[in-house]
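> Construct all of the structure, not just a fragment, from the sequences and the given hints.
Residue 336, in the UniProt record's numbering, is where the sequence shown stops; the numbers in between run on with no holes.
No wet-lab data here; the hints were simulated from the structure. Where a beta carbon is used, it is the ideal one built from N, C-alpha and C, also for glycine. Hints may be right or wrong, so weigh each one.
Claimed, not checked - With a straight-line cut-off of 25 Å between C-alpha atoms, the simulated DSS-like cross-links for lysine-lysine are:
id : residue 1 : residue 2
1  : 167       : 95
2  : 178       : 167
3  : 148       : 178
4  : 148       : 167
5  : 27        : 90
To be verified - Ranges of calculated distance between the beta carbons of each label pair, as one might list FRET restraints:
id : residue 1 : residue 2 : range
6  : 64        : 210       : 26 to 32 Å
7  : 203       : 20        : 27 to 33 Å
8  : 7         : 156       : 19 to 25 Å
9  : 7         : 67        : 24 to 30 Å
10 : 105       : 135       : 34 to 40 Å
11 : 60        : 20        : 32 to 38 Å
12 : 95        : 205       : 33 to 39 Å
13 : 129       : 108       : 40 to 46 Å
14 : 129       : 221       : 35 to 41 Å
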Amino acid sequence: MVGLTLLVYVQGSLRPYLGGVDCDRVKTGMDGMSGNKGCVCVRMLLGSLSLCFINVHLASGQTACAERSEHLWQILSDAFQGTSIRGRGKLRAPKMGFLRQSRYFACDHGLLVLFGDMNIRLELLPEEQRPPGGPEAWLDRDQLSLGKLPSLRGFREGDIRFAPTFKYVPGSSTFSDKRCPAWTDRVVFKAASGVDVELLEYDSFPQMMHTSDHHAIAAQFFVAGAGSVESGLPPSSRHMQKQSKKQRGDDFAFLHTHTYRYIYIYIHIYVSVCIYIYIYIYGAASEEQIGRMEEEEEEEEEEKEGGRRRGGGTHTHISIYIYIDIDIQIPFSIFV
Numbered sequence: 001m002v003g004l005t006l007l008v009y010v011q012g013s014l015r016p017y018l019g020g021v022d023c024d025r026v027k028t029g030m031d032g033m034s035g036n037k038g039c040v041c042v043r044m045l046l047g048s049l050s051l052c053f054i055n056v057h058l059a060s061g062q063t064a065c066a067e068r069s070e071h072l073w074q075i076l077s078d079a080f081q082g083t084s085i086r087g088r089g090k091l092r093a094p095k096m097g098f099l100r101q102s103r104y105f106a107c108d109h110g111l112l113v114l115f116g117d118m119n120i121r122l123e124l125l126p127e128e129q130r131p132p133g134g135p136e137a138w139l140d141r142d143q144l145s146l147g148k149l150p151s152l153r154g155f156r157e158g159d160i161r162f163a164p165t166f167k168y169v170p171g172s173s174t175f176s177d178k179r180c181p182a183w184t185d186r187v188v189f190k191a192a193s194g195v196d197v198e199l200l201e202y203d204s205f206p207q208m209m210h211t212s213d214h215h216a217i218a219a220q221f222f223v224a225g226a227g228s229v230e231s232g233l234p235p236s237s238r239h240m241q242k243q244s245k246k247q248r249g250d251d252f253a254f255l256h257t258h259t260y261r262y263i264y265i266y267i268h269i270y271v272s273v274c275i276y277i278y279i280y281i282y283g284a285a286s287e288e289q290i291g292r293m294e295e296e297e298e299e300e301e302e303e304k305e306g307g308r309r310r311g312g313g314t315h316t317h318i319s320i321y322i323y324i325d326i327d328i329q330i331p332f333s334i335f336v
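Below you can see the structure in the form of structure tokens.
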């Protein structure tokens, strides 16, 4: 994906409880052809508790609720699958370590956390640039709170007690005039029956203002459920301990192979088009004008002789130069 990264750190003492690691990405940009929008995701077993984390970047636009909801549905449907449900059975072959064995669905995990730039905006009237009042009143216009994204029904979110996360003048806490402020960056989650989830923290960090026109947000959870590591070694982990060391090593190696590095290279192609337009203007000249022209020609340097027509009329040469400079930027990434 372009500009999306998901890093998962697991405490070393929990290594014996970890297994079933799988990663994937889903492209939603340009009808699934481009990775400028979409998600990166990872799932795992921690004891008998299955966890899934999805970092998303959805379509932008003030009124594109339906499109964003459709992209979320596509992400939740296609992640970890060998075929694309939205693509009517289009093959999603394994690549770059993504198994895509259709063994897991994102929504079938004990805890599913969906987060990132969802481009959620405020509902505005046609004549409004931004809602009246302050940010406290703006929350009443929030598209997610108003249920405008049906694909997120059943997900929970903590209380929003922080300022809108977008759009700021980079390096400041001043809203930009180019966009209506909104809580575009969100963290939502869904827990299965029997899994106890407590949201400990949900806040923004406006001091991180120098790298983006967004303000970063973070959420912290406490998760416990039947058969979790809190209750000792669960059956699934006992079974994992009986596996060969090679198998467990492969699982661990698989986790590390998903630390990717990308080199982003921008190629600038400059195309200069020069168009020369010559305009010739002819007109009749009087005998007096011709005489003056002849006198001036005699005084001019020899190399300039012939620059004017004699007897037939005047010759005016106007040159117009038009330069068209086209700058084409082609970004691509190299996987190393």
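> Now, for every hint given, state plainly whether the structure supports it.
Hint by hint, here is what the structure shows:
1. 167 - 95: violated, 36 Å
2. 178 - 167: Holds - the C-alpha atoms of residue 167 and residue 178 are around 8 Å apart, at most 25 Å.
3. 148 - 178: holds, 23 Å
4. 148 - 167: Holds, because 21 Å separates the two Cα atoms, which is no more than 25 Å.
5. 27 - 90: The hint holds at about 13 Å.
6. 64 - 210: 26 to 32 Å: Between residue 64 and residue 210, where Cβ atoms are some 29 Å apart, the hint holds.
7. 203 - 20: 27 to 33 Å: Between residue 203 and residue 20, where Cβ atoms are some 31 Å apart, the hint holds.
8. 7 - 156: 19 to 25 Å: With Cβ atoms ~24 Å apart, the hint holds.
9. 7 - 67: 24 to 30 Å: holds, 28 Å
10. 105 - 135: 34 to 40 Å: holds, 37 Å
11. 60 - 20: 32 to 38 Å: holds, 34 Å
12. 95 - 205: 33 to 39 Å: Because 35 Å falls inside the window, the suggested range holds.
13. 129 - 108: 40 to 46 Å: Given a distance of about 43 Å, which is inside 40 to 46 Å, the answer is holds.
14. 129 - 221: 35 to 41 Å: holds, 37 Å
The earlier numbered hint that this structure contradicts is number 1, and it is the only one.
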